[in-house]
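A.B. asks: Residues per chain, in single letters:
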Amino acid sequence: DQQVKQNSPSLSVQEGRISILNCDYTNSMFDYFLWYKKYPAEGPTFLISISSIKDKNEDGRFTVFLNKSAKHLSLHIVPSQPGDSAVYFCAATTPFGNEKLTFGTGTRLTIIP
Amino acid sequence: NAGVTQTPKFRVLKTGQSMTLLCAQDMNHEYMYWYRQDPGMGLRLIHYSVGEGTTAKGEVPDGYNVSRLKKQNFLLGLESAAPSQTSVYFCASSYLAGNTEAFFGQGTRLTVV
Chain A
1 DQQVKQNSPS LSVQEGRISI LNCDYTNSMF DYFLWYKKYP AEGPTFLISI SSIKDKNEDG
61 RFTVFLNKSA KHLSLHIVPS QPGDSAVYFC AATTPFGNEK LTFGTGTRLT IIP
Chain B
1001 NAGVTQTPKF RVLKTGQSMT LLCAQDMNHE YMYWYRQDPG MGLRLIHYSV GEGTTAKGEV
1061 PDGYNVSRLK KQNFLLGLES AAPSQTSVYF CASSYLAGNT EAFFGQGTRL TVV
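Here the protein sequences line up with chains A and B, keeping their order.
Per the working numbering, residue 1 is the first one in the first sequence, and the count goes up by one each step.
Per the working numbering, residue 1001 is the first one in the second sequence, and the count goes up by one each step.
Careful: at least some of the hints might be erroneous.
Distance ranges between label pairs, derived from CB positions [said to hold, decoys possible]:
hint : chain 1 : residue 1 : chain 2 : residue 2 : range
1    : B       : S1018     : A       : A70       : 43 to 53 Å
2    : A       : A70       : B       : D1038     : 21 to 31 Å
3    : B       : K1057     : A       : A70       : 31 to 41 Å
No more than 20 Å apart at the CA atoms, straight line, and that leaves these computed lysine to aspartate or glutamate pairs for DMTMM-like [said to hold, decoys possible]:
hint : chain 1 : residue 1 : chain 2 : residue 2
4    : A       : K5        : B       : D1038
5    : B       : K1057     : A       : D1
6    : A       : K54       : B       : E1101
7    : A       : K71       : A       : D24
FYI, nobody ran anything at the bench for these hints, they're computed from the structure.
Think of the CB as a built atom: it goes at the ideal place given N, C-alpha and C, for glycine as much as any other residue.
Let the hints inform the model, and build the full structure from the sequences given.
C.D. replies: Okay, structure coming up:
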């Protein structure tokens, strides 16, 4: 059972426009959420996170929004740049057994120059 | 500053052969993890460790064994490789439990023929 879902395998966005990546989860015990970015032939790198006590967290061009009632979070990238082309993974963890992250299947973002 | 280093980066095995993947981190992290990445499946946790001398099963542990004899090293073993173990393997480490960013290695691409 996929507890963290990224329903869009791929997304293409024009350079300079907003990229919106979505993530849904089913486990109501998840209380911390992270986004990771992965380039080909490299390991994932941490991008931004949000605690369930917040509904928004911003870091430069990246903003994550959390809607707990809908069990949905999204990552906004504004403005999108060619270097943002990568695979983005959403991940979540619970307050118990929180030694591990549960990852989504990833969304491949392509920024079109 | 090496971070998390995985060896080897590529390997081809014949069915039934054994091998060990080595992960080394130089950040004095307590927590270490082994994930596998398969198309359409995201990152799935194989085994993890919450400290030197400890190991625990993740989501997909069958066919793998691990050891954490030294804090900085986490070994993943395949005793009798199967084609279903063809995957990209990532090691990660973190200072605290899963609700903090984890640092990933570059990955090991393993093909079992």
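A.B. asks: Hint by hint, say whether it matches the structure.
C.D. replies: Against the structure, the hints:
The hinted range of 43 to 53 Å is satisfied by S1018(B) and A70(A), whose Cβ atoms lie roughly 47 Å apart. A beta carbon spacing of about 29 Å between A70(A) and D1038(B) agrees with the range 21 to 31 Å that was offered as a hint. Range check, K1057(B) to A70(A): Cβ separation about 32 Å, and the 31 to 41 Å hint holds. A distance of roughly 15 Å separates the Cα atoms of K5(A) and D1038(B); the hinted pair therefore holds under the 20 Å criterion.
For the hint pairing K1057(B) with D1(A), the CA-to-CA distance comes to about 17 Å; that is within 20 Å, so the pair holds. For the proposed pair K54(A) and E1101(B), the alpha carbon gap of about 18 Å is at most 20 Å, so the pair holds. For the given pair, K71(A) sits about 6 Å from D24(A) by alpha-carbon distance, which is consistent with the 20 Å threshold.
Every hint from the earlier list agrees with this structure, and none is contradicted.
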